[in-house]
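Visitor: Please work from the sequences and hints to get the whole structure.
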Amino acid sequence: MRYLAAMLIAIFSASSSAEWVQFALGTTGPAYYDKDRIKDLGKGVISVWEKFVITDDLLKKSIAMDPSFKDYRYTVTRGNINCNEHKFARTAMYAYSTNRSPFFSYSYTEKDIEYIDIVPHSMGEELMRLLCPKK
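Residues -18 to -1, 1 to 117 (mature numbering (1 follows the signal peptide of the UniProt record, and there is no 0)) are what the sequence shown spells out, left to right.
Please note that a few of the clues may not be correct.
As the list claims (entries may be wrong) - In silico EDC-like links for lysine to aspartate or glutamate, alpha-carbon gap of 16 Å or less:
1. 69 - 96
2. 17 - 108
3. 116 - 22
4. 25 - 67
5. 33 - 16
6. 52 - 67
7. 33 - 108
8. 69 - 107
9. 43 - 53
10. 17 - 1
11. 42 - 53
12. 33 - 1
13. 33 - 18
14. 69 - 99
15. 21 - 1
16. 116 - 67
17. 69 - 16
18. 93 - 107
These are computed hints drawn from the structure, not numbers from a lab.
Bear in mind the structure is a predicted one, so any value in this text is a computation, not a measurement.
Guide: Below you can see the structure in the form of structure tokens.
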């Protein structure tokens, strides 16, 4: 019984620690950002956590091509948006399984972080529009 209570607390604590807001619906599924974990890094740069969930149809196709996807559920990434220069850099990536445990993680080293242009009419541009201060 204690184990069940501890598991429920862990699940609900993890769920409540992030407030995911959908900002786009891509061809692979919905995209969210965590509105409670946006950080101002200074000089017009913000850090944001994103969550990407793939559709059930795409998941089935992925499993058919590679059975290792059978437990995959979603990906959480951290990135920086340079609001002044309209550029984006990925800084970390975590893939989660159906039981909410990460089975892949990668954090970029400072020298590997590369800013690229945010493509017009993309999910990145929508996120920048929502999160960057209005001028």
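Visitor: Give me the numbers of the hints this structure contradicts, sorted from smallest to largest.
Guide: Numbers 6, 17 and 18, in rising order.
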